[in-house]
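Asker: Chains A and B, in that order, give the protein sequences. Each step along the first sequence adds one to the number in our numbering, with nothing skipped, and position 333 is 333. Each step along the second sequence adds one to the number in our numbering, with nothing skipped, and position 101 is 543.
These aren't lab readings, by the way, just hints derived from the structure by calculation. On a predicted model such as this, the values are computed, not experimentally measured, just so you know. Yeah, the Cβ is synthetic: ideal placement off N, Cα and C, and Gly gets one too. Hints may be right or wrong, so weigh each one.
[Stated by the list, open to error] Only part of the chain A face toward chain B is listed, based on derived beta-carbon distances under 7 Å:
(1) P23
(2) D47
(3) A345
[What the hints assert, rightly or not] Subject to a maximum C-alpha distance of 30 Å in a straight line, what follows is the list of computed DSSO-like cross-link-like pairs (lysine-lysine):
(4) B/K487 - A/K204
(5) A/K316 - A/K418
(6) A/K90 - B/K478
(7) A/K78 - A/K32
(8) B/K577 - A/K289
(9) A/K78 - A/K90
(10) B/K549 - A/K43
(11) A/K265 - B/K549
(12) A/K316 - A/K181
(13) B/K475 - A/K88
(14) B/K487 - A/K88
(15) A/K284 - A/K78
(16) A/K43 - B/K478
(17) A/K397 - A/K310
(18) A/K253 - B/K577
(19) A/K378 - B/K577
(20) A/K32 - B/K476
(21) B/K478 - A/K36
(22) A/K284 - B/K577
(23) A/K260 - A/K284
(24) A/K181 - A/K32
(25) A/K265 - A/K88
(26) A/K264 - A/K253
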Amino acid sequence: MGEPAEKLVIDPGIDETIKKLSPDKIEATIRKVLDKETAARLKVYLDTCVHCGLCAEACHYYLSHNRDPYYSPVGKVKQTLWEIVRRKGKVDASFIKNCSRIAYTECNVCRRCSMYCPFGIDMAYLLLVVRRICNFLGVVPQYLQDTVNSHAVTLNQMWVKQDEWIDTLQWQEEDAQDEVKDARIPIDKEGAEIMYSVIGPEPKFLAQLLGNIAIIMKVANIDWTMPSFDGWDNSNMAMYSGDFEVMARVERKHYEAAFKLKVKKIVMGECGHAFRGAVYDGPKWLGWKHPPIPLIHAIEFYYDLLSSGKIKVAKKFPDPITVQDPCNVVRGRGLGEKLRYIMRATCEDFRDVSPRFEHNYCCCAGGGVINCGPPWKKTRMEGNRVKAEQLKATGAKVVVTPCHNCHSGIEDIVNYYKLGMHVKFFSEILIEVMDIPEALRA
Amino acid sequence: MYEFVRGPLVWISFIVFFLGSLYRIVAMLWMAKKDKVVYPYLSLKYSLRSLLHWVIPFGSRNMRKQPEMTILTFAFHICLIFTPIFLMPHIILIQQAWKISWWALPKIVADIMTLIVIIACIMFFIRRITNPTVKFVTFGSDYALLLIAFLPFFTGFLAYHHLLPYKILSLLHMVCGEVMLMAIPFTRLSHMLFFPFTRAYMGSEFGAVRNARDW
Chain A
1 MGEPAEKLVI DPGIDETIKK LSPDKIEATI RKVLDKETAA RLKVYLDTCV HCGLCAEACH
61 YYLSHNRDPY YSPVGKVKQT LWEIVRRKGK VDASFIKNCS RIAYTECNVC RRCSMYCPFG
121 IDMAYLLLVV RRICNFLGVV PQYLQDTVNS HAVTLNQMWV KQDEWIDTLQ WQEEDAQDEV
181 KDARIPIDKE GAEIMYSVIG PEPKFLAQLL GNIAIIMKVA NIDWTMPSFD GWDNSNMAMY
241 SGDFEVMARV ERKHYEAAFK LKVKKIVMGE CGHAFRGAVY DGPKWLGWKH PPIPLIHAIE
301 FYYDLLSSGK IKVAKKFPDP ITVQDPCNVV RGRGLGEKLR YIMRATCEDF RDVSPRFEHN
361 YCCCAGGGVI NCGPPWKKTR MEGNRVKAEQ LKATGAKVVV TPCHNCHSGI EDIVNYYKLG
421 MHVKFFSEIL IEVMDIPEAL RA
Chain B
443 MYEFVRGPLV WISFIVFFLG SLYRIVAMLW MAKKDKVVYP YLSLKYSLRS LLHWVIPFGS
503 RNMRKQPEMT ILTFAFHICL IFTPIFLMPH IILIQQAWKI SWWALPKIVA DIMTLIVIIA
563 CIMFFIRRIT NPTVKFVTFG SDYALLLIAF LPFFTGFLAY HHLLPYKILS LLHMVCGEVM
623 LMAIPFTRLS HMLFFPFTRA YMGSEFGAVR NARDW
């Protein structure tokens with residue numbers, strides 16, 4: 001039966017912090033969350049679940065572990081929230097340790113299971129309630145907590161200082177000008193059409209993506225800008241650690257930057273969780289029904305550029321290529337059709353995945369799981385064998401991941417399962433195939 | 443005893459069922475106000491879209507993936523709800539009490555539908571003890587709920603076919619039916635009451651906020 005294998009992961013964020021917990025503190029914290037923060041949804045979800053197990057088929061962890069009951073969505077809720085509620089918060093520190101591991105590293109809050117539950121019970125929400133409790137108790141995987149600390153201090157995810165940020169933009173602008181003369185990254189341009197925002201890891205590790213966007217914007221002749229000040233980072237790990245106070249500060253700052261620059265809309269880079277944070281989780285917490293200013297994801301932006309002819313394709317990408325539907329923009333925003341449009345518009349040999357659209361498997365990196373860092377990498381790899389099988393079945397040589405989490409997660413999976421594929425962002429394909437008029441070339 | 447079960451207890455169980463259900467739904471609607479996201483996102487169009495896909499057999503991907511379970515649950519729930527309402531002896535009792543009546547199922551059909559409920563309960567029980575995923579999340583209360591649903595149909599079937607002394611069986615049958623009615627609002631059988639609401643919310647969130655499908 002599905003008892004967990006011995007878990008030998010060492011994570012000071014969990015192992016050390018539980019030593020400071022007392023039964024009273026645990027109980028009081030749980031009471032606070034259950035009595036003050038949760039209401040109808042939690043109560044009704046708990047009273048409605050008939051323990052039928054039909055959600056299990058949805059979960060990539062469950063499927064990848066040969067249908068081990070321990071990993072089914074309802075199984076995870078049983079081991080955490082059901083016990084917490086049944087024991088009215090009288091649980092011990094080792095129980096909280098278990099909860100933290102399950103909620104942060106064995107669930108991507110991808111919401112696939114809520115499409116498989118006959119009642120539409122939102123199990124991701126239930127696991128987020130567990131994360132909220134763990135957050136208040138300070139029992140959060142160390143790497144994840146570090147990104148949250150960075151958000152709290154710098155309002156970006158990677159401890160990037162303002163001078164480093166500006167320097168990176170200027171460096172990338174110069175690099176872009178090697179390809180396209182007059183390519184610019186306009187900083188703090190008030191009244192621009194578009195504010196472009198990215199996630200913290202772009203300036204930190206993937207700066208060439210900023211150069212790429214400068215080229216794309218120039219070729220498409222877009223009036224755009226990026227803020228030099230806080231609010232440039234649209235990522236939000238606090239949303240996943242359960243620190244909703246910090247989450248809200250980050251989201252508010254992001255929108256405030258757009259208002260300060262008086263732009264018409266925000267376009268965000270290829271990231272899924274950032275979109276989720278900016279479009280619903282953040283606004284919900286801030287009491288906004290919808291974002292206060294239109295915000296579109298890169299997929300939609302590239303769709304507009306390609307379908308309107310602002311960017312033309314010179315020569316389609318030749319190799320067999322497939323795509324990852326990021327949960328937070330496909331199941332979370334229905335961008336699956338547009339994603340396929342831009343893939344077909346730029347690629348010769350597009351091979352679709354199965355299952356796809358809303359039913360696609362999560363990359364297993366999302367929901368903050370990859371941000372829990374190297375200690376938990378094996379959990380992600382073993383937890384997503386089905387993804388490797390799904391990608392392999394396409395026979396593609398390249399997989400496009402229009403989401404940063406998907407990109408890193410799938411790169412790991414490609415290596416771990418030796419799939420021999422390349423993982424690319426869509427912008428990298430676009431840069432390769434788009435028509436750059438001779439007059440613009442450097 | 444027999445008179446009490448046949449008379450006042452019927453009244454009591456119906457009152458408990460209706461008032462209890464009303465209370466649960468009103469309490470839920472009130473609590474939903476505290477859960478600030480619920481009402482702003484509710485959308486009639488997307489609620490109905492979601493409900494439609496989930497009340498039609500094989501309307502969702504998961505139902506198509508697990509055809510045996512889909513057939514079993516649909517057969518079970520349809521028979522469980524409609525058999526008691528359209529059963530001739532039940533209608534006759536109501537006619538005697540209130541002088542109202544409605545269309546009744548042919549005897550043979552009602553008999554088969556009762557059997558379907560009985561068989562489905564047994565299958566659910568077997569699934570609970572043999573499927574590791576289901577077993578992992580099964581509690582004593584899950585068996586109790588199954589038993590509560592099973593007994594009225596089982597005793598009714600036995601009584602109708604006079605397989606055991608009729609008087610005792612019909613007494614048992616009435617008690618079991620009354621227990622089930624009273625249990626609906628206060629146990630997880632309340633999923634019957636909450637189903638339209640949980641679906642409506644998830645359908646709305648998927649449709650209106652996420653621009654995606656939830657089936």
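Asker: Taking the hints in turn, state whether each one holds.
Answerer: Verification of the supplied hints:
Residue-level restraint check for A/P23 is violated (minimum Cβ-Cβ distance to chain B is 24 Å; threshold 7 Å). At its closest, the beta carbon of A/D47 sits 6 Å from a beta carbon of chain B; the interface hint therefore holds under the 7 Å criterion. Interface hint at A/A345: violated, since its Cβ lies 21 Å from the closest Cβ of chain B, which is beyond the 7 Å cut-off. Only pairs whose Cα atoms come within 30 Å are accepted, and B/K487 paired with A/K204 is rejected, the gap being roughly 44 Å.
Our distance criterion of 30 Å between C-alpha atoms is met by A/K316 and A/K418, whose separation comes to about 27 Å. Our distance criterion of 30 Å between C-alpha atoms is met by A/K90 and B/K478, whose separation comes to about 28 Å. For a cut-off of 30 Å, the pair hint linking A/K78 to A/K32 stands: about 20 Å separates their Cα positions. Among the hinted pairs, B/K577 with A/K289 is inconsistent with the structure: their alpha-carbon atoms are about 41 Å apart, more than 30 Å.
Of the supplied pair hints, the one linking A/K78 and A/K90 holds, its CA atoms being roughly 16 Å apart against a limit of 30 Å. Of the supplied pair hints, the one linking B/K549 and A/K43 is violated, its CA atoms being roughly 41 Å apart against a limit of 30 Å. Restraint check: the Cα-Cα separation between A/K265 and B/K549 comes to about 67 Å, which exceeds 30 Å; the hinted pair is violated. Under the criterion of a C-alpha separation no larger than 30 Å, the hint pairing A/K316 with A/K181 is consistent with the structure, at around 24 Å.
The hinted pair formed by B/K475 and A/K88 meets the criterion: a straight-line CA distance of about 24 Å does not exceed 30 Å. Straight-line distance between C-alpha atoms of B/K487 and A/K88 comes to about 38 Å, which puts the hinted pair past the 30 Å bound. Restraint check: the Cα-Cα separation between A/K284 and A/K78 comes to about 27 Å, which is no more than 30 Å; the hinted pair holds. Restraint check for A/K43 and B/K478: the C-alpha separation of about 14 Å stays at or below 30 Å, so the hint holds.
Distance hint between A/K397 and A/K310 is fulfilled; the C-alpha atoms sit about 28 Å from each other, no more than 30 Å. As the CA atoms of A/K253 and B/K577 are separated by approximately 47 Å, the hinted pair breaks the 30 Å bound. Restraint check for A/K378 and B/K577: satisfied, since their Cα atoms lie roughly 27 Å apart, inside the 30 Å limit. For a cut-off of 30 Å, the pair hint linking A/K32 to B/K476 stands: about 15 Å separates their Cα positions.
For a cut-off of 30 Å, the pair hint linking B/K478 to A/K36 stands: about 12 Å separates their Cα positions. With a CA separation close to 37 Å, the supplied pair A/K284 and B/K577 exceeds the 30 Å bound. Simply put, A/K260 and A/K284 have alpha-carbon atoms about 22 Å apart, close enough for the 30 Å limit, and the pair holds. A C-alpha spacing of about 58 Å is found between A/K181 and A/K32, which places the hinted pair above 30 Å, so the restraint is violated.
Between A/K265 and A/K88 the CA atoms are separated by roughly 46 Å; this puts the pair beyond 30 Å, and the hint is violated. Restraint check for A/K264 and A/K253: the C-alpha separation of about 17 Å stays at or below 30 Å, so the hint holds.
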